[in-house]
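Undergrad: Please construct the entire structure, taking both the sequences and the accompanying hints into account.
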Amino acid sequence: MQIETQRLLLREMNEDDFPSLYEILSDPETMQHYPRPYDEAGVRRWIAWSQDNYARYGFGLWAVILKETGEFIGDCGITMQPIHGQMLPEIGYHIHKRHQRRGYASEAASACIRLAFERFGFPKVYSYMKSTNVASYATAMKNGMTFVEEYDDPVNTRTRVYVIDRAAWEEKMQDF
Numbered sequence: 043m044q045i046e047t048q049r050l051l052l053r054e055m056n057e058d059d060f061p062s063l064y065e066i067l068s069d070p071e072t073m074q075h076y077p078r079p080y081d082e083a084g085v086r087r088w089i090a091w092s093q094d095n096y097a098r099y100g101f102g103l104w105a106v107i108l109k110e111t112g113e114f115i116g117d118c119g120i121t122m123q124p125i126h127g128q129m130l131p132e133i134g135y136h137i138h139k140r141h142q143r144r145g146y147a148s149e150a151a152s153a154c155i156r157l158a159f160e161r162f163g164f165p166k167v168y169s170y171m172k173s174t175n176v177a178s179y180a181t182a183m184k185n186g187m188t189f190v191e192e193y194d195d196p197v198n199t200r201t202r203v204y205v206i207d208r209a210a211w212e213e214k215m216q217d218f
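Numbering (my numbering), first residue to last: 43 to 218.
Honestly, the hints are just simulated from the structure, not real lab data. Here a beta-carbon is modelled for each residue, glycine too, at the ideal position from N, C-alpha and C. Careful: at least some of the hints might be erroneous.
When the alpha-carbon atoms are kept at most 30 Å apart in a straight line, the in silico DSBU-like pairs for lysine-lysine are as follows [claimed, not checked]:
#: 1; residue 1: Lys-139; residue 2: Lys-214
#: 2; residue 1: Lys-166; residue 2: Lys-184
#: 3; residue 1: Lys-139; residue 2: Lys-109
#: 4; residue 1: Lys-184; residue 2: Lys-214
#: 5; residue 1: Lys-184; residue 2: Lys-172
#: 6; residue 1: Lys-109; residue 2: Lys-184
#: 7; residue 1: Lys-172; residue 2: Lys-139
#: 8; residue 1: Lys-184; residue 2: Lys-139
#: 9; residue 1: Lys-214; residue 2: Lys-109
#: 10; residue 1: Lys-214; residue 2: Lys-172
#: 11; residue 1: Lys-214; residue 2: Lys-166
Pairwise CB distance ranges, derived in the manner of DEER restraints [unchecked claim]:
#: 12; residue 1: Arg-208; residue 2: Phe-60; range: 33 to 43 Å
#: 13; residue 1: Gln-123; residue 2: Arg-86; range: 13 to 23 Å
#: 14; residue 1: Pro-196; residue 2: Gln-44; range: 33 to 43 Å
#: 15; residue 1: Gln-216; residue 2: Arg-87; range: 37 to 47 Å
#: 16; residue 1: Glu-57; residue 2: Gln-216; range: 20 to 30 Å
#: 17; residue 1: Arg-49; residue 2: Ala-177; range: 15 to 25 Å
#: 18; residue 1: Lys-139; residue 2: Glu-212; range: 31 to 41 Å
#: 19; residue 1: Glu-65; residue 2: Thr-199; range: 19 to 29 Å
#: 20; residue 1: Gln-216; residue 2: Pro-61; range: 37 to 47 Å
TA: Given below as structure tokens:
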């Protein structure tokens, strides 16, 4: 599957993406809201997990590519995640620190939200993150998601949850 936006191409990840993804997921600054940065084995598991999700669900975290240059700048997609005890469709994203604050995460996430509703028929889509990850929840809010709860979590310590339902998304799309 490929998804195209104005500036980005989202495509399935493969082993050739390892060096670029490793640069992102092993970076302590980029991964400051995770328990720790990923090592080489962890990044390889990340790619394998993404590929398993494509086969299992038809979606997963896709490689985010700049159309203008062909550069791999991150990942974004839909995954089933445990959010406060339920497995829910979640929009996640990681953008290389050189490319942050340019709207790429929002652009990619918006395309994934559209896909979640239009192709996969989810009634709601979520994003969750460590409560200190202001940039991540700003991206969720930019895409029309609203805060629904914050709870204690053994992985994130405090987790914030944002959601958008199909009706709210359709209303947001009428404004464009």
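Undergrad: Confirm or reject each hint.
TA: Consistency of the hints with the structure:
{"no.": "1", "hint": "Lys-139 <-> Lys-214", "verdict": "holds, 29 Å"}
{"no.": "2", "hint": "Lys-166 <-> Lys-184", "verdict": "holds, 16 Å"}
{"no.": "3", "hint": "Lys-139 <-> Lys-109", "verdict": "holds, 18 Å"}
{"no.": "4", "hint": "Lys-184 <-> Lys-214", "verdict": "holds, 11 Å"}
{"no.": "5", "hint": "Lys-184 <-> Lys-172", "verdict": "holds, 18 Å"}
{"no.": "6", "hint": "Lys-109 <-> Lys-184", "verdict": "holds, 22 Å"}
{"no.": "7", "hint": "Lys-172 <-> Lys-139", "verdict": "holds, 18 Å"}
{"no.": "8", "hint": "Lys-184 <-> Lys-139", "verdict": "holds, 19 Å"}
{"no.": "9", "hint": "Lys-214 <-> Lys-109", "verdict": "holds, 26 Å"}
{"no.": "10", "hint": "Lys-214 <-> Lys-172", "verdict": "holds, 26 Å"}
{"no.": "11", "hint": "Lys-214 <-> Lys-166", "verdict": "holds, 14 Å"}
{"no.": "12", "hint": "Arg-208 <-> Phe-60: 33 to 43 Å", "verdict": "holds, 36 Å"}
{"no.": "13", "hint": "Gln-123 <-> Arg-86: 13 to 23 Å", "verdict": "holds, 20 Å"}
{"no.": "14", "hint": "Pro-196 <-> Gln-44: 33 to 43 Å", "verdict": "holds, 36 Å"}
{"no.": "15", "hint": "Gln-216 <-> Arg-87: 37 to 47 Å", "verdict": "holds, 41 Å"}
{"no.": "16", "hint": "Glu-57 <-> Gln-216: 20 to 30 Å", "verdict": "violated, 42 Å"}
{"no.": "17", "hint": "Arg-49 <-> Ala-177: 15 to 25 Å", "verdict": "holds, 19 Å"}
{"no.": "18", "hint": "Lys-139 <-> Glu-212: 31 to 41 Å", "verdict": "holds, 34 Å"}
{"no.": "19", "hint": "Glu-65 <-> Thr-199: 19 to 29 Å", "verdict": "holds, 26 Å"}
{"no.": "20", "hint": "Gln-216 <-> Pro-61: 37 to 47 Å", "verdict": "holds, 42 Å"}
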